[in-house]
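K.L.:
Residue numbers (the working numbering), protein chains in the order written: chain A, 1 to 187; chain B, 1001 to 1754; chain C, 2001 to 2305.
Please note: incorrect hints may appear among the correct ones.
Unchecked claim - Within a straight-line C-alpha distance of at most 27 Å, the following computed DSS-like cross-link-like pairs (lysine-lysine) qualify:
(1) A:169 x C:2240
(2) A:111 x C:2080
(3) A:29 x B:1719
(4) A:129 x B:1068
(5) B:1230 x A:132
(6) B:1068 x A:29
(7) A:111 x B:1073
(8) A:29 x B:1070
(9) B:1603 x B:1378
(10) A:111 x A:29
(11) C:2219 x C:2048
What the hints assert, rightly or not - Over 12 Å on every C-beta distance to chain A, these chain B residues come out as not near it, computed from the model:
(12) 1117
(13) 1205
(14) 1275
(15) 1307
(16) 1365
(17) 1420
(18) 1438
(19) 1541
(20) 1595
(21) 1674
(22) 1682
By construction, these hints were calculated from the structure, which means they are not laboratory data.
Positions of the beta carbon are idealized from the N, C-alpha and C atoms, including for glycine.
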Amino acid sequence: MAKKYSMIINLAKCIGCQACTVACKFQNKVPEGQFRTKTPANGLKGTYPNVSQYFIKEACQMCQKAPCVSVCPTKASYYNEDGVVLIDVDKCVGCKYCMTACPYDARFLNKETGAADKCTFCYELKVSKGEKPACVSTCVGGALMFGDLNDPLSEASQFLAKHKGEVRKPELGTHPNVNYIYEGVVK
Amino acid sequence: MNGGEKMKRRNFLKGILYGTGGTVALVGGFGTFNYLGSEKAEAASQDLETTVFSSCEMCRNQCPIAVKVKDGKVCKIEGHPNDAAFGGVICARGNAGPSLLYDPQRIKKPMIRIGERGEGKFKEVSWDEAYTYIADKLYNVKDQYGGEAIALASRKGPHDWFFRSIGKALGSPNVFSHEATCPMTRSVALETTFGNEAIAADYANTKYLISIGRNWFEGIHVAQTRAVSKALSNGAKLVVLDPRFSVTASKGEWLPIKGTTDLAFVMAMANIMIRENLYDQAFISQYAEGFDKWAEEVKDKTPEWAEQETGISKEKIIRITREFAAAKPKAILDFGWRTAYTPNDYQLRRAILIVNMMIGNLEVPGGYYTTKPANFLKSYPDQAAYAKGLGSVAQPSFPKASKGRIDGTGVKGTPGQIIPTYDGAVGKIAESILTEEPYAIRAWLVHRFNPYISLTGSTKMIEAFKKLDLLVTCDVYMTDTAYFSDVVLPECTYLERYEPIFDMSGLTPKYVIRQPAVPLVYPDTKPYWQIYKELGEKMGLGDYFKFKDMEDYITQQIAPTGLTLAQIKELGVWTPPGMNAFYVRANDSKASLDNVLSNQRKKIEIFSEEVEEATKQGVPKYISHPQPEAGKFRFVQGKVAVHTNAGTANVPILNELMPTNTLWMNTVSCKQLGLNDGDEVVISSGTYEQKGKLKMTEGIRPDSVFCYHGFGRISPELKRAFGKGIHDNYLIPHEIGEVGNAVTSTTFVTVRKA
Amino acid sequence: MDVIWGVSVDEVAWGGAIAFYLFLAGIAGGAFLTASMTDLFSKKQYPKVIQSGAYIAIVSIIVGLGLLVVDLGRPFSFWKLLLHVNMGSVMSIGVFIVSGFTGLSVVYGVLVWLNAAAQKQIRITSANTEVAATSVGQGLQAFRKPVAGLGILFSIGTATYTGFLLSAVTTNNFWHTPFMGIEGIPFLPILFLVSAISTGLAATLIGALNCGDLTTYKKIDMVLIILEIVLIFILYLSVKPVFFSGSMAVLFWLGVVILGLMSPLLLSIYSLAKHKNVILPVCGMVVIGGFCLRYFVVYTGQLFK
Ligand SMILES: Nc1nc2c(c(=O)[nH]1)N[C@H]1C(S)=C(S)[C@@H](COP(=O)(O)OP(=O)(O)OC[C@H]3O[C@@H](n4cnc5c(=O)[nH]c(N)nc54)[C@H](O)[C@@H]3O)O[C@H]1N2
Ligand SMILES: Nc1nc2c(c(=O)[nH]1)N[C@H]1C(S)=C(S)[C@@H](COP(=O)(O)OP(=O)(O)OC[C@H]3O[C@@H](n4cnc5c(=O)[nH]c(N)nc54)[C@H](O)[C@@H]3O)O[C@H]1N2
Ligand code: SF4
Ligand code: SF4
Ligand code: SF4
Ligand code: SF4
Ligand code: SF4
Ligand SMILES: [Mo]
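Start from the sequences and build out the full structure, keeping to the hints where you can.
P.N.:
Structure, rendered in C-alpha cells:
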C-alpha cells in the first residue's frame, strides 16, 4: 500500500535549538544563506511577567493538494508514489512559479543548482532507506515525529489518534501532511 | 528512469561539454548542464558513505557522534545511534562540525609575532622553529624568575594531561583550568558538603525541577537537555528563577527573580520546610551533620523577608516549597552549571545542596547521584562485575614547585583553602601580571581557552598580555587572545585527531573514543598530544611523554578493561553490557553512603568545618548584594543554543544563523529612556562602553538588561565575527569572588542611544 | 530570542524582471491587436499605425521573453518548457500561446515590412532585382490578413494569459481575486487585457506619432482608460485594504491611478475639446501607468500573502 508520510511537530517540546536547521543543511547540501527549514520563535506573547513563547518549525508542509505541483509548467514538481512532493531538478527550469504559489514560503531557488528547492522529507537520502529524516533524528527537544499515517500501528498514527494535530492555513485547502500539536502552548 | 541511468546520461553530456572546452565554465556557472548532484543520483552513490564513531568537541560535552565520510570528506555528523542517553541526537553546534573542519579561516601554520603586540603581524614558521622559540623563552623565564613565573591555563579536558605536563615539569604551581569562570562555586560546594565533586542530577526521573538560572534548553548538554525534556513529557513541573525569560523559562513557570538574591529564595525554602515540617528528618539524622546550625541560620529567613529580597511573592515561595517537598525525593532544586553570579556564589550552591538534602534526594531515582565509574562499582558486590576501569600512562613525578600559587589555592585558613587545586582562580593570572602580587607571572601558555572573551575585565587582560615576556596560544582560530600572542600554534580539529579515551560515567560507566574521521585538512596542523609531546621533547622533558602515539596511549589506557583499540574504535562508546542505572539508595533508603561521601567524616556537611576554617561561614549566610538604582540596570548574560561560549562565533554555519547579539531591555524601561526596538545603543559601565543593538522585550525584568555571551570579537582574523555585537566582559569589571570565581551578575550599566 | 535566524527572508520570487515581462507581453499583445485590427477592419489607411504596432509587438515580446529567460534560475534549460508539458499549468499553456504569438507577430511584421518596402519600391524605383524581391513579397501578402486574423486570437491570448498566470495562484488572495465576487471569473485577466490593449495602443500611437488624424484611436484609448478606471475601482473595493499599504500604496496611487489613468484621461478630454495634439504625453503616461500596474500587482501579491 502506498504510504502517507507525515511529520508531527510537537510545539510544546520544541526548544528552538536549530539542530534541525543545521542537520538539514548538511544532509541536503543547502547552500550558504539558504534553508529548507528553520525554527523561529513565534514571537513573545503577553506582558511582563506573564509572558509565553513557543517555536515553530517551518518547512514544506507536504500538501496533498499542492499548489506548487499544479502550477509547475514542466511537471518538475510532482507527488511521488508515497505522496511526497518532490522536485525533479533535471526538469526544473527555475521559473519560480511554484514559489509564488506556495502559501507557506517553503521554497527557494537553490543558488547552486538554479532549481527550486525545498524540504523533501529527506525522502531519497533517508526515508526510502527506512531511516528518519535528518531533522527528526537530531531533534534535541524530541519535538519531531515522522511516520506513515496509512499504517495505523506507526508511532505517528498512534500519536495523532491521541493528540489533536492541526495543519497550517487549512482554509487554503492544501491538505498538508505536516501536523502541528499545540497542546501545552499558548497559541 | 532510475537514478543510475540518469547519472550516466548526464555524465555523458558532461563529457561532451568538457570536450568543447572553455564554454563549460560559463555554462556551468548557470548550473544547468553539468549539474550532477541530483538527490536520486546521490542516493545511489550514498552506499559509498562510511561511518566513523567519535565524539563531538563543538563544546566540551564530548557527546558521542557518528561521522559520515564520503569521498574522503566529512559530509555530515549525526549522534551516535547506540547510546540511550543521547538517543542519536546532537545539537546545532554538533551538527555544524564540518563547517569548522573545512573553514578556510582556521589557522594553518605555526606563527611567531613580528609586529607589536596586538598589531596582528605574524610570520609563518615551521613547528621546529616554534618549539625552539617557546623553549628558549620558557627557559629564560625559568632561569631568571623561577618556574613559578610561568602560568598555564586551558579549558578543563583531556588535553590537560599533556598540556599541563609542560608547566608542571618546569616546576610551575600555576596551572589553571577555566572552571573559575564556570561551575567552580558549585564544585566548591560539592566538595565541602559531600567531599565529592562528581555529583550529577537524575533529571529524567524527577517530578519537580527548580532551576536557579540553569538553562537546559540554551546551555545545552544533549543528555541533560533530553533528560529534562523527558521529565517534562512525563508530567514533571518546572520552575525557573531567572531575571530574564530564557527558553527554559518558557517551558515552565517563570519567576523573574531579582538578580543575585537567589540565596534568599533558597533560605526561605528551608525556613518553610522546617516550620511546616516538610523535610526528611530520618535522612538528615542518618546522613547529615550540622543541621541545627542551618536551622538557626534560616530561622528568620521567612517568606515575607524573601519576598522583599527577591521580588517573588511569599505565596509563590510557599506554594513552590510545598510542591517541591511533596514531590520528595523525586525533586531537584538544581545546583546550576555556570555558577559565577556573585562573589559569594558558593554559599548559594551550598544552600541549594542543603535544601536538596532536606528532601533526601541523594542516590535515588529522580534526585542527585554520584557518578558510577568502575572504581566506584568495585565496592558493591552486585555491581563489581561491571567495574572495568581505565588504566593510565605512567609519568615520572614532577618537581616540587618552590613557591606557592599566585591565587592562594590550598592555603589553610584563607578562602584559598577551598578552591579546588586542579582548577585555581584563573582570573588571578592577569592580576599577578599587572600587580606583580604575590609575584609576577612572566610567561603564559594558553590552550583551548580565550581569556580575553571569557574572563571579566577585558581591558586589563590586554594590558596584562602586553606586559608578558611570552604568550603562547594553541587554538583552531586566530582568537582575540591568539592575536596578542607571541606564538600561535594551530591545532587540528577534533575530527582529525585521536584523544585519550574519555570517561563519561554517569549512572553506569561509559567510555567514549575520539578518533580521526578524516586525515588532516591542513597538513601543518597537529593534535595537542603531539604538540606538547614534541615541545616536551624539544625541552628535554621527553620522559613525561612516554608513549609512541595516541593509538599506543589508548591501548595502554584500555588494557585493564579487556577492550582492544580495534573494538573501541568500532563501538565508539562503551558501557558494561547488561548493567542498569545504579542508585545506592534505590532499594534501601537507609543504605550506607560511605562511598558517596568522600569527606573524612562520611557525612553530608551542612555545617562544614572546612568552610568555617576558610571563610568563617560554616553554614551559608545571606549577604545582600546591591540592587540597581533608578536609571541603572543589572547586566546579565547567558548561553545561546547555536553558539558555544567564545568558541563558535566565527564558525561559518553558526555565524550564518546568528552573527551577532543584542541587548535585551524591558519595554517599560525602553519607553522610559525613549529607546526603541532595534536602536543602536551605547552600554556603559561607567568606565567602559560597548555599542550594540537594542532588543525591546517583555521577557526581562525592568531593572535588568541581558545579552548572549561570546560576541564583540576584536581579532580581525575572525573575519565573520569581527566587530559584531556586544562583548559582555569588556563591561564587567574584574572582580574575583570569595573562592576565586569570576563574578558576572553584579555589574550595573546605563544605556543610551548611540 | 535574539535572533535573526528565525526571520524568514522575505524574498520576492518574481521581481522587476517578471513585472516588466508581463508589461511587455501586454504591450506586444495590444500593439499587435491595434495593428492587425486596423489592417483588417479599418476603411481608412493607417500604414504607419500598422507598421508601428507590428514592429512594437515583435520588439516587446522578444525583449519580454528575453527577460523571462534571464530571470529563470536555469536560463539555459528554457527549452525544457517546450519539452515537458503540464496542461494544468497556466504557465505551460502560456508558453505555447506566447510562442505562437511570437512566431505570428514575427511573420506578420515581416509581411508588413515587405508590404511597406514594396509600396516604397513602386513609388521610387524599378530596378530589376528589387522588383523581383518585392514581387515575392507581393505574393506573400496574400497571407498577411490571415496571419493578422490568427494573430488577433493569439494576441488576446497573450494579453489575458499574463493575468491568468497570476490569478491561477489560488493560494494568493490578491492575485486570485475574482471579478465582482463571482467565483470562477478571475479579475486579473480582464484587467490585464484592458490594460494591455490600452498600453499597446498607446505605444503604437507613440510609434506612429506624426501621421495625421488619430482621433479615432484617441477616443478608443479614452474608452479603455475609463474602463480601466472602473476595473481598478472594482478591484479596490473587492480586496482587503492591506494590499494598498506601504510603498506599494505610493506606486498604486501615484503611478497607477494618477499618472497612468487620471492624468491621461483629463488630458485627452482637454485635447479633444481644444483640438490639441497631446499624443506623446497622454500615451507616455498610459504606458508608464501600465508598467506601474504590473509592478504593483506582481509585488503586492507576494508581499501581502
Ligand atoms: N548551546 C550552548 N550550550 C552550552 C554552552 C554554550 O555556550 N552554548 N556552554 C556550555 C557551558 S560551558 C556551560 S557552563 C553551560 C551553562 O549552562 P547554564 O548555566 O544553564 O547557562 P547560562 O545560559 O549561562 O545560564 C545562565 C542564566 O542565568 C541567568 N542569570 C544571570 N544572573 C542570575 C542571577 O543572579 N540569578 C538567577 N537565578 N539567574 C541569573 C541568565 O539570565 C541566564 O539565563 O552550558 C553548556 N552548554
Ligand atoms: N560574562 C560572561 N563571561 C563568561 C560566561 C558568561 O556567560 N558571561 N560564560 C563562562 C563560561 S560558562 C565558560 S565555560 C567560559 C568559556 O570560555 P573558554 O574556556 O574560553 O572556552 P570556549 O569559549 O568554549 O573555547 C575556547 C577556545 O577553544 C577553541 N577551540 C575549540 N576547539 C578546539 C580544539 O580542538 N583545539 C584547540 N586548541 N582549541 C579549540 C575555540 O576556538 C575557543 O577559542 O566562558 C565564561 N565567561
Ligand atoms: S508547502 Fe509549498 S512547497 Fe510544500 S507542497 Fe505545499 S505548496 Fe508545495
Ligand atoms: S521553478 Fe521548477 S519546480 Fe518550480 S514551477 Fe518552475 S519548473 Fe516547476
Ligand atoms: S525532512 Fe529532511 S529536508 Fe525536510 S526539513 Fe527535515 S532534514 Fe530538511
Ligand atoms: S531540533 Fe527539535 S527542538 Fe530543536 S529547534 Fe528543531 S524541532 Fe525544535
Ligand atoms: S552539546 Fe552539542 S556541541 Fe556540545 S558536545 Fe554535544 S553535540 Fe557537541
Ligand atoms: Mo561553562
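K.L.:
Next, verify each hint and record whether it holds.
P.N.:
Quick rundown of the hints versus the structure:
1. For the suggested pair residue 169 of chain A and residue 2240 of chain C, the alpha carbons sit about 18 Å apart, so the restraint of at most 27 Å is met.
2. For the hint linking residue 111 of chain A to residue 2080 of chain C, the alpha-carbon distance of about 20 Å falls within 27 Å, and the restraint holds.
3. With a CA separation close to 23 Å, the supplied pair residue 29 of chain A and residue 1719 of chain B stays within the 27 Å bound.
4. Restraint check: the Cα-Cα separation between residue 129 of chain A and residue 1068 of chain B comes to about 16 Å, which is no more than 27 Å; the hinted pair holds.
5. With a C-alpha separation of about 20 Å, the suggested pairing of residue 1230 of chain B with residue 132 of chain A holds against the 27 Å cut-off.
6. In summary, the hint linking residue 1068 of chain B to residue 29 of chain A is supported, as the alpha carbons are separated by about 14 Å, within the 27 Å threshold.
7. Taking the CA atoms of residue 111 of chain A and residue 1073 of chain B, the gap is about 22 Å. The hint holds against a cut of 27 Å.
8. Between the alpha carbons of residue 29 of chain A and residue 1070 of chain B the distance comes to roughly 13 Å, so the proposed pair stays at or under 27 Å and holds.
9. Between residue 1603 of chain B and residue 1378 of chain B the alpha-carbon distance is near 21 Å, which keeps this suggested pair within the 27 Å criterion.
10. Only pairs whose Cα atoms come within 27 Å are accepted, and residue 111 of chain A paired with residue 29 of chain A is accepted, the gap being roughly 11 Å.
11. With a CA separation close to 18 Å, the supplied pair residue 2219 of chain C and residue 2048 of chain C stays within the 27 Å bound.
12. Annotated as non-interface, residue 1117 of chain B keeps its C-beta farther than 12 Å from every C-beta of chain A; the closest such distance is 35 Å.
13. For residue 1205 of chain B, the condition that its CB be more than 12 Å from all CB atoms of chain A holds, with the nearest at approximately 16 Å.
14. Residue placement check: residue 1275 of chain B keeps its beta carbon more than 12 Å from all beta carbons of chain A (closest about 27 Å).
15. Separation of residue 1307 of chain B from chain A is adequate, the least Cβ-Cβ distance of about 14 Å exceeding the 12 Å criterion.
16. Residue 1365 of chain B, annotated as away from the interface, keeps every beta carbon of chain A farther than 12 Å; the closest lies near 20 Å.
17. The Cβ of residue 1420 of chain B sits about 31 Å from the closest Cβ of chain A, beyond the 12 Å cut-off, so the non-interface label holds.
18. Residue 1438 of chain B, annotated as away from the interface, keeps every beta carbon of chain A farther than 12 Å; the closest lies near 45 Å.
19. No Cβ of chain A comes within 12 Å of the Cβ of residue 1541 of chain B; the nearest lies about 42 Å off, and the non-interface call holds.
20. The Cβ of residue 1595 of chain B sits about 34 Å from the closest Cβ of chain A, beyond the 12 Å cut-off, so the non-interface label holds.
21. Every beta carbon of chain A lies more than 12 Å from that of residue 1674 of chain B, the smallest distance being close to 19 Å; the non-interface claim holds.
22. At roughly 24 Å from the closest C-beta of chain A, the C-beta of residue 1682 of chain B stays outside 12 Å, upholding its exclusion from the interface.
Hint compliance for this structure: every hint is met.
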